[in-house]
Amino acid sequence: MSSVAAAPSARSGVPSFLTWRALTILVTASAVLGPLSLIFYQSFLTAPFFDPTKTVGIGAYQFIFADSDFWHALKNSVLIAAGMTVIAVPLGSLLAFVMERTDLPGKRWFEPLILVPSFVSPMVLSFGFVVAAGPVGFYTVWSQDLFGIAPWGINSLLAMTVIAGLTHVPNVYVYASAALKSLGSDVEEAARSAGASPFRVAISVSLPLIMPSMLFAAVLVFFLGFELFGLPLVLGDPEGILVLSTYLYKLTNKLGTPSYHLMAAVAICIVAITFPLVLLQRKLLQGARKYATIKGKAGRMKELPLGKWTWLALALLVFYLFVTVIVPVSGITLRAFVTNWGFGVNLFDAFTLDSFRAVFEETTHKRAIINTILIGTVGGALTVACYTAIGFATHRRDDGWSRFVDYLVLVPRAVPGLLAGLAFLWVFLFFPPLTPLRTTIFSMWIAYTVVWLAYGMRLISSSLMQVSPELEEAARSVGAGRGTISRQITLPLIRPGLIGSWLLVFMIFEREYSTGVYLLAPGTEVIGAQLVSLWQGGAIDIVAALSLINIVLVGIGLAIALRLGVKLRD
Amino acid sequence: MKTWLKTAIGALALVPAAAIAQVPAGYPADYAQTIAAAKKEGKVVIYSALDTKAASPLIKDFSALYPDVKVEYNDMNSTELYNRFIAEVASGQGSADVMWSSAMDLQVKLVDDGQALAYKSPEVAKLPGWSVYKNQAYGTTYEPAVFIYNKRLVSADEVPADHAAFAKLINTKVDKFKGKVTTYDIEKSGVGFMFVVQDTKYFPAMKDIEKGFGATSYRVYSSTGNMLEKVSSGEHLLGYNVLGSYALVRAKKDPNLGVQLPKDYTLVLSRVMFIGKSAKNPNAAKLWVDYILSQRGQKLIGSDVELFSIRDDVDAEYTAAKLNKQMGGTVKPIPVSAEITQMLDSKKRLEFLGAWKAAVAAGGAK
Amino acid sequence: MAAELTVENLHLTYGDNPILKGVSMQLNQGEVVSLLGPSGSGKTTLLRAVAGLEVPHKGTIKIGDKVIFDGASGLDVPAEARNLGLVFQSYALWPHKTVADNVAFGLKLRKIPAAEIATRVKKALEELSLGHLMQRYPHQLSGGQQQRVAIARALVYNPPVILMDEPLSNLDAKLREEARAWLRELIVEMQLSALVVTHDQSESLAMSDRILLLNNGVIEQQGTPQEMYNVPQTLFTADFMGSNNRLVGKIAQLQDGKALLEGEGWKLWGRARPSAKSGAQGTGMIRLERVKVAQGPGENRVQPELTTSMFLGDKWEHIFHLGETLLRAHSATPLERGKHWVELPREDLWVF
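Just so you know, the sequences run in chain order W, L and V. Quick note on the working numbering: the first sequence kicks off at 1 and runs consecutively. Quick note on the working numbering: the second sequence kicks off at 1 and runs consecutively. Quick note on the working numbering: the third sequence kicks off at 1 and runs consecutively.
Careful: at least some of the hints might be erroneous.
[To be verified] With beta-carbon atoms standing in for the labels, derived distance ranges:
1. W:I149 with L:V174: 17 to 27 Å
2. W:V323 with L:A161: 44 to 54 Å
3. L:Q342 with W:V323: 18 to 28 Å
4. L:K70 with W:L23: 38 to 48 Å
[Unchecked claim] Some chain V residues near chain W, calculated using beta-carbon distances under 7 Å:
5. A51
6. L53
7. V55
8. H57
9. A79
10. E80
11. F88
12. A92
13. H96
14. F105
15. G106
16. L109
These are calculated hints, taken from the structure and not from any lab test. Every residue, glycine too, gets a C-beta built ideally from N, C-alpha and C.
Using the sequences plus the hints, can you model the full thing?
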């Protein structure tokens, strides 16, 4: 019998997988819990935490609970959140049904378009709505000229709710269509042969079967309602319609001097609402996934013929795309190329490239564009690397630490970007080792990476799930340790998934705006946050030009993603 | 002659002077030391509420005057200016050398908190008394608060000449102006807040205007740009207490925008500048402050920069002197003094805001 | 000499679910042992426990003299240190590595010099007729070729025991018969000790030196293929190991290892198995191929009704009904409808 080669011994000198795992978890925990604890601490002080006159107390909470504006904002937030859920869930599910299960023509072209609102910055979209459909918007003016009336207003609570609902349809669509994909077509065919129209089939058969996914999507959209910032800022502030995030933003200057303690108290109130919602989402998502695998038999699906309903479905689809995508984007595009607008202004006379010239002449704007590109490309790659490291730390290890990390990544999800940015500002200011980073784009990058942790982890773990456990077990059986497996087996196999994740992260970062608001400083400008500041300052031309540039950047990312066949949904 | 001598001395002293920096006329001789020290420092960090594009003529001219002093100009809104400054100072990080903001009250507060370097500018004698505070903070501009209106849609006889007329207009012609009157969001805009506080001083019937705002469901913004844009486009028809420097500049090019300086009294805002006590480049900062207050700097402020110059002895398009002449004695500049920091007290401020909102709501309830 | 692999009293639970409830076995050098059983019996779990991919909570596992798992002391040598060869049902070839790299990986981990790796990999692949495919990628290979690469990968570092999980179930039915012959030959030629999991009893009969039949987490019976097939100790074993007719009745008499089974309208003598008790209900089992179609009445014969016949190519299968009982039998020629005499020889009828 030939000699038996011994099993490979553990390598000495190289830190073991466990040490590296511990380090990853430690860093992640600090990055997530650090800023949040600072906000928590600040909320129980009576002055900014660096103010020598501060004392501990609940004065901040007392103030905001006694402020009628707070309750107003809370009420509005709840109303908008509920309203947009009521709009987005049925519409998103219906669109998903039409796209997944029927023979609607031109589906391949429609799908990416439906997802567009989720990739355009809400700041840009809101601005687009103002410019396109506001009281002197392009469409309003044209409608007045052509039809004599323009019966819509965009500055009301109702309008904000409708726009918010429409722009969140993609969130519902993604989950509803994934669930519909996993249904077998036999249940629907049975209904058709019994005489039900496609619409009837949708309502009575398909949609009830995907109820768990729809429930999850409903909770998700409701939750997102509390995170709205750009939309209420642009549409609501002039009317004095406040939501929690804009109320918080207003507190920045309400008392004349910074009231960080008040802002922190509002922040904690927001998190108190959003964190349970995040936990609920997680539970529902697990339920939905379980349900989907039970229903598993996703065989060759026969499409339901729409017949005479085709025109209605097409009309619905086109109407949705028109209102949600075409109107705002065309508004911005037009605004970027004209000098002024309004009643009685001829657009062709007003054509100009001045807005763009102004953008490219101004250092801060140029820097914003470059920074935005950098943070999406280089930053995005680094971010995906970090997420992958965390993914490996929890991959296939179902112990207490993995569960801890699971919940840990949910925390930043519950904190609105606006606050996360503020908390990071404080961390950078007052934590000496990090201070030199504050005026660099790196500070923005860390905040972005932490804020989007939950989303990124979902992307990474879905890539990791694709790797059959047997491939890793086979490596173990020939003698590979955990670290070797991660590097030489799992990592090469998830590379396509990582590239897809990078593209998605790129688009998310391009679209980000609220996280950077408080971190905005000379050197850390990014387009999104700069748009907020410019909007406040009223430089509408620049806002339009920058918004268009932002859309183009996201569009490039989207085009590449589609080209590479990246799945745009998680 | 003197210049060449100085250069020779400088060269002999082996100071690496790349160019000739003169002591400005009328300045004490030892100012040369300040200039030399500033050269060594090499840069001045400015936090300012005036956007970079508007300030660029000043930056360019200053750089021509003192080529060795690089200007690091950071623009941000006045709230951020204040927040950033105090946070950076508290964290011991070092902050701006020069603070230049339209939030006069916050600037004065910072001086009262001991954050300003005591520095008597050589230009002090040429400045009006109300604009200098403890020789630490200086008013630098003279910007009126004006009414604006849309020329196409508001008839000439409707345009309010003074505050009483404004109140009357929006309280009587409610239907025409419903949703079309705009002013600053005084909860968000420190400047807007300061203006209306001063209004209550000079216009006892201010409540009428507040009621009118309520009746016409006024729209509020935190920025001048927004208001100008909306009145010009016709989305809004009237604007109240808009910063006149921006308005007049825009009105020059924009045929839709009309500007009216109120005849009973016109409030004037002066951007306040001071040198940070813990400034890393105090001498460079002094150069900048003196430059802004000098005739040369003020001339640019009154022309290319299109704010109003505060000095009387300046010949430019927009000067305090011209404004005073135009309006007679009714111009009321907001003083750079401790008086304006009273409303920073949270309790008083909230009381004022509460009363304002109540008056507006009462007007809207009809 | 110590057995290559010794498992003693292994217990393994998933959450609240006990999978292995006390399994003991031995694998000697050069033996091929099959772990046979229905799904859920624990056979794959046992294999994975030996490999180190599942962790039992009680019992011991030894490779040669070395203990690699001991529930009592908490010793659990990790899978990557056990030096066993494992071939997966799905082959689990790494898609991003070439065939040569797949096989070489284990040697690289053992820090064997590159030149030696190259020679050994080449030799291993050539022995399995894969020498010309060294630079191909797994997706470019057929199922049979992939299986051989998986085997080469598991053997190249000469582990004392090779573990195989359902090695033939991924192959087409036709290939399966050829492959099981080839696999047995390979193992014997290379003098390997192999533990093979399978659910197919004919496969285990063909390939193994010994068979372990698992039922519900315990070993129901173990023995040579002949023992398992011809001398089943329990009903389960009899039922699992071949195609049977099942007759239910009452055990009227029991003596000298013979039992008389009485059903409705019939009485048959058979060999009593350990579980048979006089006076109790009993089940008779007889292999299909042992049932003979007779010409007339006789000892241990019954007269069922022929309901239908199926032509299977090499023989006919007849479906008889004896009252409620179903009887299947084979014959070379077709039969007419109606009643026929059928003999169930007493040596072949087991009574449990």
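Structure versus earlier hints - violations, ascending order: The structure breaks hints 3, 7, 8; every other hint is satisfied.
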